[in-house]
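*Asks:* Now for the letters of each chain:
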Amino acid sequence: MLKSKKFFKMAFATTMAAMVLAGCGDDKTDENIDVLAQIKEEKKIVYGVKYDTRLFGLKNPSTGDVEGFDIDISKALTEEMFGDDVKPEFQEVTSKTRVGLLNNNKIDAVIATMTINEDRKKEVDFTDVYFDAGQSLLVKKGSKVQGIKDLKKGTKVLAVKGSTSAVNIRENAPETEVLEFENYAEAFTALKSGKGDALTTDDSILYGMAEEDPSFELVGGTFTEEPYGIAVKKGNQELVDELNKALQSLKDSGEYDEIKDKWIKK
Amino acid sequence: MDFLAPFIEVLTPDNMKFLLEGFWVTLKVAAISIVLSFIIGGLIGILRYAKIPVVSQLLAVVVETIRNLPLLLIIFFTYFALPEVGIDMEIITAAIVALTIFESAMLSEIIRSGLNSIHKGQIEAGRSSGLNYIQTLRYIVMPQALRRMVPPLVSQFISLLKDTSLAVVIALPDLLHNAQILYAQNGSNVIPIFIIVALMYFIVNYALSLIAKRLELKQA
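Here the protein sequences come in this chain order: D and B.
Read left to right, the first sequence gives residues 14 to 279 (our numbering).
Read left to right, the second sequence gives residues 235 to 454 (our numbering).
Worth flagging that the hints you see were computed from the coordinates, not collected in a lab.
These numbers were taken from a predicted model, which means no experiment stands behind them.
Treat each hint with caution, since some may be false.
Only part of the chain B face toward chain D is listed, based on derived beta-carbon distances under 10 Å [to be verified]: (1) 237; (2) 239; (3) 241; (4) 248; (5) 302; (6) 317; (7) 322; (8) 325; (9) 402; (10) 407; (11) 411; (12) 414; (13) 416; (14) 417; (15) 420; (16) 423.
Idealized CB from N, CA, C, for every residue including glycine.
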C-alpha cells in the first residue's frame with residue numbers, strides 16, 4: 014500500500030516536471046507573442062480562410078488558387094497596411110479549427126465568414142465589421158415556408174455545424190427540427206433532395222446558392238444580424254488598429270465596394 | 235446514356251488531377267502510418283506477450299487508453315494540444331502521428347492475440363530442443379502466428395486507409411477534402427463525385443484484400 018502511494022507521488026512529480034520543462038524554452042507557441050512585429054520580421058502575413066465556401070473563399074481546382082471576397086479583401090488589406098513589403102499567404106481553416114490555429118500562432122488573422130459575437134470575443138480580438146450579413150432562409154420556389162414564422166412544428170431546417178446560424182434558428186424558431194451538415198454544399202444537396210423545408214445561413218452565402226440553381230429563392234428577409242469580423246489572437250490591439258485603419262481607407266477609396274460588387278450580387 | 239452526362243461534366247482533366255492529388259495525399263499518409271504503426275505496434279505486441287514485469291503492465295495501460303478513445307479526438311489532440319507543449323506539426327505530420335498512435339495500439343492487440351494463439355507446447359518444444367527464448371519466438375512462434383495475423387492485419391490496414399478521411403477536420407488535403415471543394419463549386423456535382431471517390435477508395439482497398447488472400451494461400 015505504502016509502496017504504491019510512493020509510486021504515484023513519484024509519477025505525479027515526474028509528469029509535472031515534464032510539463033513545466035516542456036512549457037518553457039519554446040519560441041513559436043509563447044503565449045504573448047507580438048503578431049504584428051512577427052509579420053514585419055518574416056515579411057509575410059498568414060490569413061486563415063475558407064477553401065470550400067462559394068463567393069467568400071473557394072479553391073479553384075484548375076489553378077490551385079483560392080478565390081472569393083475574403084481573399085480579395087485580405088490581399089487589399091495587406092497592400093494597404095504594408096505595401097509590397099509583406100506578402101499575404103493563405104491557409105485553410107474550418108469553423109472548428111480557426112480559433113485553435115490563431116492561438117497556436119499558425120495563422121496571423123482569420124478572414125473566414127466569421128460572425129462577431131460576445132462568446133467569441135472572449136477567445137479572440139475582432140476588428141470592425143468588414144461585411145454585414147444577416148441570416149435568412151432559402152426554399153424551393155413555391156414552398157409554403159415564406160418566412161421564419163412558418164417554421165412550425167413538423168418542419169425541418171438544414172444548417173451547417175459550428176456556425177452561428179444553427180444556434181440562431183433554434184432561438185428564433187424553437188419548434189422546428191434542425192439538421193446540421195458538415196458544409197454548405199452538403200446542406201444544399203440535402204435541401205435539393207427534399208431532406209428539409211428550408212436551408213438557413215447568412216444571406217450572402219444563400220445568394221450564391223440561388224444563383225447556382227434558380228429554382229430556389231430567399232424568403233422572409235433577414236432575421237438576425239451577422240457582422241463578419243477579422244479575428245486576431247487576443248492581446249494584439251496594434252494589429253487590430255492597423256487592420257481597422259486599412260479597412261477604413263479601402264472603404265473610403267471605393268476599393269471595398271469594387272471587391273464587394275465583384276462577388277456579392279443581390 | 236443520360237446518366238453518364240453528369241460524370242462527363244465533372245470529369246474534366248483539371249478536376250481529375252485535383253482529385254488524384256488528394257488521393258495521393260491519402261495514400262501517402264496511409265502508407266507511412268501503416269509502416270510506422272506496424273513497427274511500433276509489433277514491438278508493443280511482442281513486449282506485452284513476453285510479460286516483462288512493469289513494462290508489459292505500463293504498455294497495457296497505454297494501449298487500453300488509446301484503443302478506447304475515438305480517433306477523431308486523437309487527431310484534434312495532436313494538432314491542437316501538442317503545440318501547447320512545444321511540439322508543433324504540419325497538418326500532414328499531425329495526421330500521420332495521430333493515425334500511428336491509434337493504429338499502433340490496434341495492431342499491437344492483433345499481434346499479441348496472434349502470438350497468444352500459438353500453443354504453449356510449441357514454446358516448450360522449442361526451448362527443450364536448445365533454442366533460447368528469443369530464438370523460439372523468432373523461429374517457432376512468429377512464423378505460425380504471422381499466418382494467423384494476416385487477415386485481421388489487412389482489415390486493420392484497410393480501415394486505416396479509410397480513417398485518413400477523418401483528418402478532413404484539420405483540413406488535411408486528402409481525397410475527401412478535395413472532393414468537398416469540387417462539389418462546393420457546383421452543387422449538382424455532389425453525387426457523381428461521391429461515386430468517383432467511392433470507386434477510388436474501393437479499388438485500393440480491394441487490391442489490399444486480394445493481396446491478403448494471396449498471402450494466406452501461399453502460406454497455407
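*Asks:* The structure should be examined with respect to each hint, and the outcome stated for every one.
*Replies:* So, going through the hints one by one against the coordinates:
1. 237: Violated, because the Cβ-Cβ distance from residue 237 of chain B to chain D comes to roughly 16 Å (cut-off 10 Å).
2. 239: violated, 17 Å
3. 241: Violated, about 16 Å.
4. 248: Since chain D brings a Cβ to about 4 Å from residue 248 of chain B, closer than 10 Å, the hint holds.
5. 302: Because about 21 Å separates residue 302 of chain B from the closest Cβ in chain D, which is outside the 10 Å limit, the hint is violated.
6. 317: This interface hint holds because 4 Å falls under the 10 Å limit.
7. 322: holds, 6 Å
8. 325: For residue 325 of chain B, the interface hint holds, since the closest Cβ of chain D sits about 9 Å away, which is under 10 Å.
9. 402: holds, 8 Å
10. 407: holds, 8 Å
11. 411: At 8 Å from the nearest chain D Cβ, residue 411 of chain B passes the 10 Å test, so the hint holds.
12. 414: Holds - the Cβ of residue 414 of chain B comes within 10 Å of chain D, reaching about 6 Å at its closest.
13. 416: With Cβ-Cβ at 6 Å, under 10 Å, it holds.
14. 417: holds, 5 Å
15. 420: holds, 7 Å
16. 423: holds, 8 Å
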